[in-house]
Every structure is written in structure tokens, then in C-alpha cells.
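Please arrange chain V on chain W, whose structure you already have, making use of the hints.
From first to last, the protein sequence lines are chains W and V.
Taken in order, the first sequence gives residues 0 to 226; the numbers are from numbering that gives the first Met the number 0.
Taken in order, the second sequence gives residues 0 to 121; the numbers are from numbering that gives the first Met the number 0.
Calculated from the structure, these hints are not laboratory results.
Model, not experiment: these values are computed from the prediction.
Where is the CB? At the ideal position from N, CA and C, for every residue including glycine.
Check the hints yourself; a few may be wrong.
Said to hold, decoys possible - Listed next, with one range per pair, are the computed distances between beta-carbon atoms:
| id | chain 1 | residue 1 | chain 2 | residue 2 | range |
| --- | --- | --- | --- | --- | --- |
| 1 | V | Ser4 | W | Thr46 | 15 to 21 Å |
| 2 | W | Leu96 | V | Asn1 | 44 to 50 Å |
| 3 | V | Trp93 | W | Leu83 | 37 to 43 Å |
| 4 | W | Met139 | V | Leu11 | 38 to 44 Å |
| 5 | W | Arg138 | V | Asn1 | 35 to 41 Å |
| 6 | W | Thr54 | V | Phe30 | 42 to 48 Å |
| 7 | W | Lys60 | V | Asn51 | 34 to 40 Å |
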Amino acid sequence: MFLLQAMFWLIFTIAIYFIFTLLYRLLPYPFLIPILTCTVLLVILLTSFDVSYDTYFSGGKVIDAFLGPAIVALAYPLYKQRKLLNKYKNELLSTVLLSSMLGILSGYWLTLLFGFGEVIQFSFVPKNVTTPVAMEVSRMIGGEPALAVIFVMIAGIGGAVTGPWILKLFKITNFLGVGIALGGASHAIGTAKALEYGQEEAAVSSIGMSLCALCVSVLAPILINWL
Amino acid sequence: MNLKSNLFITILQLALLFGFYLIGVSIQKLFGLLIPGSVIGMVLLLVCLYTNLLPEQWVSKGATFLLNHLPLFFIPVTVGVMNHLDFFNGKSLWLIPIVLVSTWIIMITTGFIGQTLVNRKE
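This is chain W alone, in the form it adopts within the complex (with noise of 0.2 Å):
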């Protein structure tokens, strides 16, 4: 019977996937990327009829046993764009930087104005960056690694629904301005966005996510030890 519900929900997961992937191409509209239209529809299910996460993962692992072989596969892209990434190193690394350090402090400041607690702020700094990356700098620097998910995903998911209007607005159309926007604020899920929008965007957000990663986990410890 177990077997039998966990069979169901990887099924059903693949179903969905692939119904909500042709509605986002007939109605390509930000807001009904899959992975919304997905998550929002299962967590609903799954609520109403008291299924429990653990249930549901116990499906859904298989599919999450492809998450990290796909991280792996990125290199593909960047192994294509090579001269193109060789060509703007510096731009690049710059924007890396300047990406890790907006996220680390903003993070921590507005956490500060509105009066949140050290737990909390804690384990808001690290929001941008991959969720392993999140809740491993979370733990260290005193968050919660849990609510660090919670952020993670917000800030990977609202990015990649709002970054095209973002972007739009601010006239931001360049490979590298696009690429290191979604790679760097959004993470794999912006990565996986950029990849709409084309190869060269997508090298440049895999790479731009991947430096971010480092620098944040790097740097998270040493600002915060010193604000």
C-alpha cells in the first residue's frame, strides 16, 4: 500500500510536470513557470487529503535523485561558452562579488529594520544561494537551517516569476546583465530560467550561481562576525 502511494505521487509528480510545462508554453506568463504551478498544486493535494511530506517524498525521491546529477550536467554549458566566459572573466568575478556582498547585507539589514530575531536573521543571509550551500552557512553563522529552505525558495521562485519584469524594467537585456541577475540572486531555479532565455545567459547564471555559492559561504562567516 505504501508502495503503491509512493508509486502514485512520482507518477503523478511526472504528470503534472508535463501538463503545466505545455500550458506554460501556450501561456508562457512568469507566474506559471512548472515548478510554481507544480509545487503550489501538489502542497495543496497533499494538505486536503493529510498525505504527510515524508509520504510524498518517499515517491518523490526518485525524481530528487536527478537533482544533483543535473547541477553536474551545467557544466555542459559553460564547457560550450568557454570563450565567451574566458572573454569576460573579470566582469564576471566583479559582479559575483558584488552580487554575494548585496545579499549578505541587505539580508541582514532589512532582517535588522524590521525588528527580527537573531535566528531569524540568521538564517535569512544566506537565502540566495543553493539550498545545500544556504543551510550549511545558516548553521554556522547561528540560523536555522530549516527556515533557510523556506527562504531559499522564495527567493528562487519569486525570482524567477518577477525577474522578467525586473529585468524588463530595467532594460537589463545583455547575456551577462540577465545571466548573472537570475544565476546570482536566484540560484539553480533562476539558472534553470536563464536557460529560456538562451545558452550564453545560462553559462554566465550556472557559473554566476555556482561563484556565489563559494564567495557566500566564504564571506557570510567573516561579515557577519564583523557587522
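Only chain V this time, still in chain W's reference frame:
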């Protein structure tokens, strides 16, 4: 026949990418690194491609398959939000717009500066 061999090649390449991921995770655990194993695996694959240790054609099909469906692989993790729904009430609700504002600050600043730097170079 062609379709069959194509599928076979893609599966073999997926196995290779899984291998890189597992090596990355082992390195991360062995040295207790902060960087996730997947990112280490990505760097390793990049080094192998750069040094021609691994021909591009050996991963192109598998990588393209995974990247085409990248959003799908996030869903099981993002659904985990359901365990923290009680977090989103009262004052904590304000944290959602604060995350967005902070994220927009990064996007606008880095996007604009990145674009300006590239345009100035040309």
C-alpha cells in the same frame, strides 16, 4: 534502431553524470567541505572537458536531457514547504516581501552593472 541506440547512449551518459555527482559527494564528505557535492562534481566534469580527458560527445546527450527537465527535479524539494506552512502567519509573513526586495536589489544592481561593464568593453 536509431531511436533505440539514441536512448541507450543517453542512459549511458546519465550514468556517467551520476558518477561525477557521486565522486563530488564523496570528496565533499571526505574533506568536510561547505560546497555541495553537486557543485564539486560540476567543477570536476568541467576540468575533464577542458583538459580533453573526456570528449564533449560523451556527455552532450545526457546533459541536454537533464537540463531540459531541470525544473522537474526541484519539485520534490520545494514541496517540503508544506511542513512549514504554519511559519507563514503573523509577523513572519513580512519575510516574504523582504526576501523579494533583497532579491530584487541583487538582480537590478548586478544586472545593470554587468550589462554596463560589457557594453563599455565593446
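Hint numbers the structure violates, sorted upward? As far as the earlier hints go, 1, 5 and 6 are violated by this structure, in ascending order.
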